[in-house]
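So the chains spell out like this:
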Amino acid sequence: MEQSRLKDLERRCVQEEPAYCQAACPLNVNVRAFCAALGKGDYRGARKILSKAVPLPDILGRICDHPCEEACIRAEKGGAIGIGRLERACLEKSPPPPPPLRPPSKNGSVTLYGGGLSSLACAWELSRKGYRVLLEFTGPIPGGRLHALSEELLPKSVLEESWALLQHMGVVPVLRTNLSFEHPREGEFVYLGVDDPALRHSISPESVDPLTRQTSIPGVFAGGFPREGKASPLRETADGKGAANSLDRLFQGASLSSGREEELCRKTRLYTPLHQVEVLGPRNDPQEEARRCLQCECLLCVRECAFLEHYGRNPRLYAREIYNNFAIVHGHHKANTMINSCALCGLCKTLCPHDFSMADLCRSAREEMVDRGFMPPSAHEFALLDMEQANSPRAAGFHPGKAGTKGIFFPGCQLSGTLPNHTEALISFLDDAFQETLGILLGCCGAPAWWGGRRKMLEERMEGLRHTLQSLGNPPLILACSSCNEVFRELLPEASRISLWEFLLEKNLPRGTPHPHPLALHDPCTTREEPLWREAAREILRKIGQSFEEPDFSGETTRCCGYGGLQSFANPEIAAEGVRRRLGESRHSFLTYCAMCRESLAEPGRKTFHLLELLFPSEVPPERTGFSGRRENREDLRRRLLGPPEIPESPGKNLRIFVTPEVRDLLEERHILDEDLRQVLWESLENPRGLLSPRGTSLARSRIGNVTFWVEYRETKEGFAICNAWSHRMTLELMS
Amino acid sequence: MSSRNDLSFSSATEWRCRCGGNLVSRKVAALYMGSRFEVELPACEKCGFILVPEELALGKMLEVERILEDK
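Heads up: the sequence lines are chains L and U, in that order. Numbering of the first sequence is given in the numbering used here, commencing with residue 1 and proceeding in unit increments. Numbering of the second sequence is given in the numbering used here, commencing with residue 1 and proceeding in unit increments.
Rather than coming from a laboratory, the hints here were simulated on the basis of the structure.
In silico SDA-like cross-links for lysine to any residue, where the CA-CA straight-line distance does not exceed 20 Å: (1) K334(L) / L62(U); (2) K543(L) / P516(L); (3) K27(U) / S736(L); (4) K71(U) / R372(L); (5) K71(U) / I328(L); (6) K230(L) / A148(L); (7) K60(U) / H332(L); (8) K27(U) / E733(L); (9) K71(U) / R729(L); (10) K129(L) / E188(L); (11) K71(U) / E321(L); (12) K653(L) / W682(L); (13) K156(L) / E92(L); (14) K71(U) / P377(L); (15) K60(U) / R729(L); (16) K456(L) / L385(L); (17) K129(L) / G170(L); (18) K48(L) / P96(L); (19) K71(U) / Y323(L); (20) K60(U) / L732(L); (21) K334(L) / G34(U); (22) K7(L) / P353(L); (23) K129(L) / R249(L); (24) K46(U) / E733(L); (25) K543(L) / R511(L); (26) K334(L) / K71(U); (27) K71(U) / T731(L); (28) K267(L) / D65(L); (29) K60(U) / L666(L); (30) K27(U) / L732(L); (31) K46(U) / R689(L); (32) K46(U) / C19(U); (33) K27(U) / R729(L); (34) K60(U) / T731(L); (35) K52(L) / R260(L); (36) K334(L) / E69(U); (37) K334(L) / E65(U).
Turn these sequences into a full structure, and let the hints guide you.
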């Protein structure tokens, strides 16, 4: 992955952007963290957060003009958080920390004119960095305009304690009866705090750089000007702090302005969705009020995706992790499983205000893993072998229409595998509409290779399809599966495509039989960018009189069933969580128009229907077919539609095996196929090596491809009763 | 990874070899993704048929396979 791509991705994710309140604060106070601490009753912790950004927080925290409240988006849901009053409560309820140790002295001395808040803030910042500070002011203690504030607003004692703290830090008072500013000599540095009434007219604001607070007079900095005609304690503090920063840079020979652009106009690109936020009005109790803080963040994609949530990070961090995964030369590629666990469904991109796509990121990462040879072999092998079977002469092939080929129906390998009889009925129906000019193309589109990062395999598949279509004069493809559609859209764009559902609406729709109860409509995730597919399915439901409801995540924000991106192969737990979430969105049975969604969403006691089951309701198919059943169905359908394949049967094909439902579940979970069982049994008959148990069962093993399969069975008069099976990929050699 | 006991499996087994031999603990080389390490597994004392019990295949062996695949 190129670093520029990483930067682009990182920029798109706004999760780590500052909250709206923080962006509105010229001191950059982390209000979100402050409220979080206060909400837990951690007043000391909250004070610490304030002190990090605010010089002399005991003063400003009581009188701040808090523009953060105007920026607070809680305003739309019950009222902005009373951040100003929370700051006061925090300061009143937590003791000031013990004064810090004086830092070692540095070369650099500044004379600060004026006792106003900006001068005090500047004095604090410079003195804690170790510079020598002289503070010239009138009156017994500094404070300027602050002395005029009521005892209730700013107790005198707070001012006295703050002044004591500054003196403890080494600030030297220079008491004046009349304060007047004199131009410094060369090498002298001065800060003019014009918020002290005595210095109000000492310099014009136009002569001050708003970022560095440097004036046109060499060595003189200034701040504390009123803003929009009004005094602003917050701006005064920010001026003093900003000038101190400039002086520090000056003493260190650094640029005064570099990297400070944001100080003038802090912005945030954060996006915080509010649609699920309940209205909650202001609370008197500070802790309760702080808990009203929304802790603004985005995480829109993470909350809605079982995969993103599982790894507990945000897309920005995932992108960095994936980038780092490629930088590893020796050691473990720890992000491999994470990269392979994404369903590539694209929900994140649809939800993201800046189009961050984990799907694009993970798919290209998978391709790079394959190219660079560190894609874990076990991650996708089973699915790729399934694709190979679906494209083998046993399950695939082409049959032209009797009177030519004006259109080709491509049911896709999973529809042929799960609903072979419905597929056959559909083909016969379509053939009528086409007046015997409908060609049938059985096989897999190549989606497993597309999802698994196998670019070369995919290109070979596309080349084969391209050749077939060209030889027939490029007739339109009628597609039943939206995953096939996605693959062709991306990789075979020259092919003319139409969804089966649009085609049926256009030509002739079977009468169908609606289910007696309302069904929850699940759009396959590969229809996210295909509104015509989605609308056609809805129109069919309306026409056949099927009542249905839309789950919360529907249409372009639909969820993946867990088969997408081969998620269920790489990370079955995450896929199962995704299914749980989807099924939790409705109490009704689900209805979909993708064979794999139907298969993945089926759960005991609540089946998921395929639209074809309503259109061709003659037979009730099993709730779930499974890997072995799908393979068998594809081969059967191929024989029925296209005739027997011209290759010999695989050895052991005719061995009769018996599998109980419990063992079937186990075999499916372990990705052990009936043909694997038959192969092991056939080899054990040919070469009877293996083990025997006192229970009368036998154990045989065989290496098939990259996997060793073990099968425990009981031989009966009728055939072989399968008791158990397992597998591993390691090979073993006897050493002694 | 090269530890001798990582994948060794020594629990008593009820299986007996079809050739009539007993299963005894024997030294076996386990190979995967270019790595090779020694383990002890039940194998027939006569014909050398090695047993990989279910528990080992789906437990420790799977774990080690995954680690080696990510290397």
